[in-house]
Amino acid sequence: MNPQEEEWQLLKKVQQADFVVVELTLYTDTHPNDMEAIQQWREAIKEAAKVRRQYESRFGPLSLLSVPSTQAIEVGWHWNSTPWPWQR
Amino acid sequence: MWVYEKKLLYPVEVTTCNPMLAKYLMEQYGGADGELAAALRYMNQRYTVPDKVIGVLTDISTEEFSHLEMLATMIYKLTKDATPEQLEKAGLGAHFVNHGHSLFYENAGGVPFTATYIQSKGDPIADLYEDIAAEEKARATYQWLIDISDDPGVSDALRFLRERENIHSLRFRESVEILKEERDRKKIF
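Protein sequences, first through last, are from chains A and B.
Position one of the first sequence corresponds to residue 1 (our numbering), numbered consecutively onward.
Position one of the second sequence corresponds to residue 1 (our numbering), numbered consecutively onward.
Treat the hints with care, since some could be wrong.
List time: in silico DSS-like cross-link candidates among lysine-lysine, alpha-carbon distance up to 25 Å [unchecked claim]:
#1 B/K6 / A/K12
#2 B/K52 / B/K187
#3 A/K50 / B/K52
Hints are computed from structural coordinates only; laboratory data are not their basis.
All of these numbers come straight from a predicted model, not from anything done at the bench.
Sequences are here, hints too, so could you generate the full structure?
Here is the structure:
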């Protein structure tokens, strides 16, 4: 797999993990007493954070609140760098 | 506040330049039942609803902005390489002379977005019923778009969006029940 393909695949994993959080957050908004869902939500947040760290340590932050890794800065990462989501 | 995430909610892959399909997608970009209308409607209603439903309105509104970005991505990709002749043939000649290759908040017929598409009544039940209707209308529009789409990548993204509208409708229906329960409990005690 070339680096570009690898980046795309890892980004898809971030999108998947983050989507689980989006969905469970919405569900728990209207089901505040569903303890099983809240437990799933806790695990989903941890999983999303783990996958995000994997992505960001290599390819740079996806959000302005993420801390850029030394590795990302070394390879010339800048927030204002392409591709933006619609340019992929 | 909001923090930008440099990724889409769901990947959008477009097969070829297709300005005609882009024109149709504008219905969900800047149309009456589109994502901009949805995002702005919920974001504005949330300030004056009971605490129990603020989270739903905030989170769904935020998600609608990510849907708006997905639609923008589709429209941009479908039109970026189109010549003026191709745009004209697709019915986007008037769009081109006013906006060039840029996007604009308008519906499939070229009518610009207006705040008169949305309402905020200051009555949580009235507002939530409008929101449920909005989600159902958006779902129906996505179905018509899927039926007319000839791009498999776009259709895939549209199917995702259609399912999200179903979920949002369900969450708003649950929100109505939460408010009714609360109202009935107040009557008893």
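Given hint B/K187 paired with B/K52 - CA-CA distance at most 25 Å: holds, 18 Å
Pair hint B/K6 and A/K12, alpha-carbon separation not exceeding 25 Å: holds, 12 Å
Given hint B/K52 paired with A/K50 - CA-CA distance at most 25 Å: With a Cα-Cα distance of about 31 Å, the restraint between A/K50 and B/K52 is violated, given a limit of 25 Å.
Of the hints listed earlier, the one the structure fails to meet is number 3.
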